[in-house]
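**Q** Model the placement of chain B on the given structure of chain A, informed by the hints.
Heads up: the protein sequence lines correspond to chains A and B, in order. This note's numbering applies: residue 443 is where the first sequence begins, and numbers increase by one. This note's numbering applies: residue 19 is where the second sequence begins, and numbers increase by one.
Some hints here could point you the wrong way.
Simulated pairs of lysine to any residue, SDA-like, Cα-Cα distance not exceeding 25 Å [said to hold, decoys possible]:
#	chain 1	residue 1	chain 2	residue 2
1	B	K425	B	E191
2	B	K294	B	L305
3	B	K425	A	T528
4	B	K586	A	S503
5	B	K425	A	E642
6	B	K425	B	L305
7	B	K425	A	P598
8	A	K653	B	I665
9	B	K425	A	R530
10	A	K653	A	S503
11	B	K425	B	I436
12	B	K425	B	L538
13	B	K586	A	S452
14	A	K653	A	R534
15	B	K167	B	Q63
16	B	K586	A	G549
17	B	K167	B	R40
18	B	K586	B	E641
19	B	K586	B	A437
20	B	K167	B	P250
21	B	K425	A	R534
22	A	K615	A	R629
23	A	K615	A	A670
24	A	K615	A	P598
25	B	K425	B	A437
26	B	K167	B	E191
27	B	K294	B	Q246
28	A	K615	B	G326
According to the in silico footprint, chain B covers these stretches of chain A (three or more CB under 8 Å from chain B) [said to hold, decoys possible]:
#	segment
29	524-536
30	615-623
Because the hints were derived from the structure by calculation, they are not lab data. This structure is a prediction, so every number in the text was calculated from the model and none was measured. The beta carbon of each residue, even a glycine, is placed where N, CA and C say it ideally should be.
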Amino acid sequence: MLTCETLRKSFYDPGRGEVRAVDGINLHLDAGVVALVGANGAGKSTLLRLIATLLMPDSGSVVLDGIDTRSNPAGVRQRLGYLSTTTRLYPRLTGREMLAYAGGFYGLRDAALAERIEHVSTSFGIADFIDQRCDALSTGQGQRVNLARTMLADPPVLILDEPTTGLDLVAAKMVVDAVQAARRADRLIIIATHVMAEVEAMADRLILIDKGQIDFDGAPSELGAGLALAAAIHQRIGGTGTLGTTAEAAS
Amino acid sequence: MRGLDTILHVFRKDGLELLRDRRTLFVNVGLPVLMYPVLALFAIQVMQLTKTKDADLPRIAVLDEGSMLSDLVRQAAVPPEEDEETGAAPVGDEATAEEASAEDSAEDSAEDSEATKPAQQGPRFRYAELEPDVRAQLASILSAFPDPKRPDPEAETKAKKDKDAKNKGPSPEQLERRATALEAMREHELAALIAVRTIAHEADSELSEQALLVLIDDAHRFQVQVHQALRPILNDYETELIAQRLTQYQLPSDLVRPLRTAEVPVATASEALRSKVAGVIPLLLVLMALSGAFYPALDLIAGERERGTLESLLAWPGNRRDIFLGKLLVVNAAAVISVLLNLASLGLTMLILGSQGGFGGEAVNNLAGGLSLGAGVLAMCFVALLPLVVTLSAVSLAIAGLAASFKEAQNYLSPLFIAVMVPAFVTMIPGSAPNAVLDLVPVVGPLLALKESLQSPTLPWGHVGLAVAASGVLAAVVVSWSVRLLDSEGFLYPGLVRAGWGRFRKWGQGPSAPSGLEALAVFAVALAGFLYLGPVFQPFGAIAQVVGPLVVAIALPSVVHVILGAYKPATALSWRPPAAHADWARAVLLVPIGVGISLGLMSLQTALVGAPPANSNAGQVEEIMNTILATGGLPLAIVCMALAPGICEELLCRGTLLAGLRRSLGDLGGVLVSAFLFASLHGSPYRFVPQLALGVVMGALVVRCRSVWPAMLVHFGHNAVVVSVSVLAPEQQLEFGPGLGAALAGGGLACSWLLLRSWNRPNQ
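Here chain A stands alone, though its shape is the one from the complex (with noise of 0.2 Å):
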């Protein structure tokens, strides 16, 4: 479904110089849910960002379902739905226009967009707020309806980095239900995220980014559960402190 081919990406920094934000990272990605973890600044959301065509690789390539994000980027983007900690909605639209907006850039249209709207607001229980503008909403409203908008269009892969970020509880929770309800036998779900708890509840793959490279790739209970899992994370990131204690303890 989605291939990373020896993918290098590198940026200026002001106070580190050049930073190699991916260095070299080759993946495979098929259907599931698939948990990137690591450090800030290991490179997660850059790696996330190259593969929504945000960013354009400095070498190496991103193959998604046959086409190169290099020349078919558009293609590329037609396929996913992309939401990140820095996505917001606009202030001045409802989250009725908000989506219209994004399925207008699907192709969708009156009776299916219409459809889908329909689909989504029930699906995330935004239906009581929807026809209010997005600077009216709270947080946690706020992320639903931008949950719904990244899954509007039905795409067959989910880019969502970092999405309970800021949320309390009840809205993680909501977006945790909300991922698993979207899993599907034909979907890829790729989600960044600092919450072991997340990607226990979630995913089948946890693949571990440090300094840009794979630091492990394999299924989470090859690390642990529970807290032994974060301390492991912790570990192999090169982490001290109560965590650094607890993974020396916990192996």
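**A** Just chain B now, kept in the frame of chain A:
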């Protein structure tokens, strides 16, 4: 989603969002609509306030009470009974009275006309009645001043030539006299003080002449009005004195009035007024277009990025260039709406004020009539402005996108306003009119065509067509550049890959090549240096005067830029050998071709718009040339006038500028913009088109052979030929008729194209 669908989809949504944004509504609707009513109300208030300030009118005194001069001044002054009661007569009424008076004078006698003349038509002032002791004090002060001398044209001419005499200031005694007089005048609130002296003729007392000593407080806030008021009075006084003398000799006094003049304004008052405001309206329109475009652009790009919606927008399947075009369409619409609302508000405000008659009545009606444009003129305004609006919109979107934040983008507004308003002010220059050269200049061309549309009885189709075509080309280049911005990662994530000015933070850390923005900054530094450093080299002789600014201001910034930025000369200046040895041969061929293009276009231009006016610096240039020839003959002239410009100007224009602009605008955009700036650098509108064409040819040469060296050879060769011909055969006419000029220019350009195109062939 197809292209047009995406554009319209984005247009509908962004338009809706803008309509819901109070800030945009204020700038694009509220401000244009409210501007004139608020201004009118303010003006009415100011007029009401200034009415009560008549007591502050400037005072003029004549020491010789009861003399003919004092009578004349008293007649022209505001009568004492008018004080505080009637106040200032409205300007419009005065205009109407003048108009009526002039109309009558065409039919009636000059005497009748004078009889109906209002008591005072010039600037208003008061006649200062002085107490006898004050009069005596002032007379005593004025007695220290010598009698005015009879004007001597020969002596004046000599004094003008004598620089020392010209620069010599007043003596300490003169300064002291003046200071005493000024103190006394200010003590008695006088703006001017006149004393009449009689200078007896040695032989014939009948030929005694009068000398007027007129002291004016040149620092008085009404000093201009005082000058204007006194001029006709003193003329009348002189005429009356001559008439008196003629009468004494039994000659008719009409001898001094050999001419009777009646000026009859035949255009309607509203037409005349429209002609007068024709310079202001284009300026207002471009101001509204710019502010109308910039704020929506800010909201649609910088605002969208700051609100976190740009990332999701660009993660959707639409083509990013179509998304940009949709936004451009919204910004254009917003700018056009701003302009139209502004015009409507202006017309409506004038009509309402005119109908109420409370604000100058007739004058306002005239103004409203003057501003009521016909459908043809309105359509012309729209057509002339549209490419300019598109360009401003695209530039605004690009600037908004290059900024890292909304606030940073706002900081770029002032430079943008200055860049647009400076050329736009050409419409305010009295007598400025379009011509074939100015039509091609961005901003200036369309605005002058617009001014001409408002002033001229027939619509200037030719100028509008040329200006619109030139602006259209510029709009196409700017749009084709800006439309690619959304493809740039730096545009979406300015914090990740710093865009725009942020690139300077990476300076000296070895990026591959400078950007267009950086190259433009170097050009701006060079241009400023070139303008200001010229006089610095003046004391060092003719050679330094020519070569110094070229080396220090033009070439040095390029070299310093490469060193500071740690760039490779090959990438930042195209400073490397050409791709093939044959490139040198082709550069040699381009020398005569370039000369042909240059002379052909110059001749064609002269035939179309006339010969250039005589250069005020022509004498100085000739002197420099003669000095250089006297020092080193033709070889030194070629070094100074051909070799130095060939190396220095090419280093800047085809080196730094073209390399940077190609990176930002692509090959075509880089060549065109660098050629435009190269032609602008020379500061001569009459040499602009030939230099633009040569700039394009040499730019294409650099692109094709990846080296600036052959362009240096062409530039050197071209200048060397022109200098040699002008030295060796000064009588040789280098201008041809329009036919031969067109053939030379067209043939030269065609040959250049063939030569440069041939380099595209494989294995060449």
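**Q** None of the hints should be skipped; say for each whether it holds.
**A** Tested hints:
Restraint check for K425 of chain B and E191 of chain B: not satisfied, since their Cα atoms lie roughly 60 Å apart, outside the 25 Å limit. With a C-alpha separation of about 19 Å, the suggested pairing of K294 of chain B with L305 of chain B holds against the 25 Å cut-off. With a CA separation close to 19 Å, the supplied pair K425 of chain B and T528 of chain A stays within the 25 Å bound. Distance hint between K586 of chain B and S503 of chain A is unfulfilled; the C-alpha atoms sit about 30 Å from each other, more than 25 Å.
Note on K425 of chain B and E642 of chain A: the hinted pairing is violated, with a Cα-Cα distance of about 43 Å set against a maximum of 25 Å. Of the supplied pair hints, the one linking K425 of chain B and L305 of chain B holds, its CA atoms being roughly 21 Å apart against a limit of 25 Å. Between K425 of chain B and P598 of chain A the CA atoms are separated by roughly 39 Å; this puts the pair beyond 25 Å, and the hint is violated. With a C-alpha separation of about 49 Å, the suggested pairing of K653 of chain A with I665 of chain B is violated against the 25 Å cut-off.
At roughly 20 Å between alpha-carbon atoms, K425 of chain B and R530 of chain A fall within 25 Å of each other, so this suggested pair holds. Proximity of K653 of chain A to S503 of chain A is assessed by CA-CA distance (about 19 Å); at most 25 Å being required, the pair is judged to hold. Our distance criterion of 25 Å between C-alpha atoms is met by K425 of chain B and I436 of chain B, whose separation comes to about 19 Å. Only pairs whose Cα atoms come within 25 Å are accepted, and K425 of chain B paired with L538 of chain B is accepted, the gap being roughly 23 Å.
Distance hint between K586 of chain B and S452 of chain A is fulfilled; the C-alpha atoms sit about 22 Å from each other, no more than 25 Å. Of the pairs offered as hints, the one joining K653 of chain A and R534 of chain A is violated, with about 39 Å between alpha carbons and a cut-off of 25 Å exceeded. A hinted pair counts as satisfied when its Cα atoms are at most 25 Å apart, and K167 of chain B with Q63 of chain B does not qualify at roughly 48 Å. Between K586 of chain B and G549 of chain A the CA atoms are separated by roughly 48 Å; this puts the pair beyond 25 Å, and the hint is violated.
Under the criterion of a C-alpha separation no larger than 25 Å, the hint pairing K167 of chain B with R40 of chain B is inconsistent with the structure, at around 70 Å. Only pairs whose Cα atoms come within 25 Å are accepted, and K586 of chain B paired with E641 of chain B is rejected, the gap being roughly 41 Å. Proximity of K586 of chain B to A437 of chain B is assessed by CA-CA distance (about 31 Å); at most 25 Å being required, the pair is judged violated. Restraint check for K167 of chain B and P250 of chain B: the C-alpha separation of about 21 Å stays at or below 25 Å, so the hint holds.
Of the supplied pair hints, the one linking K425 of chain B and R534 of chain A holds, its CA atoms being roughly 20 Å apart against a limit of 25 Å. A distance of roughly 21 Å separates the Cα atoms of K615 of chain A and R629 of chain A; the hinted pair therefore holds under the 25 Å criterion. A C-alpha spacing of about 22 Å is found between K615 of chain A and A670 of chain A, which places the hinted pair at or below 25 Å, so the restraint holds. Restraint check for K615 of chain A and P598 of chain A: the C-alpha separation of about 23 Å stays at or below 25 Å, so the hint holds.
For the hint linking K425 of chain B to A437 of chain B, the alpha-carbon distance of about 20 Å falls within 25 Å, and the restraint holds. The hinted pair formed by K167 of chain B and E191 of chain B meets the criterion: a straight-line CA distance of about 18 Å does not exceed 25 Å. For the hint linking K294 of chain B to Q246 of chain B, the alpha-carbon distance of about 21 Å falls within 25 Å, and the restraint holds. This hinted pair checks out: K615 of chain A and G326 of chain B have alpha carbons roughly 23 Å apart, not beyond 25 Å.
Check result for the segment 524-536 of chain A against chain B: holds, 11 residues qualifying (beta carbon to beta carbon below 8 Å, three or more required). Under the rule that three or more residues need a Cβ within less than 8 Å of chain B, the assignment of the segment 615-623 of chain A is violated, with 0 such residues.
This entry does not satisfy hints 1, 4, 5, 7, 8, 14, 15, 16, 17, 18, 19 and 30, going by the numbered hints stated previously.
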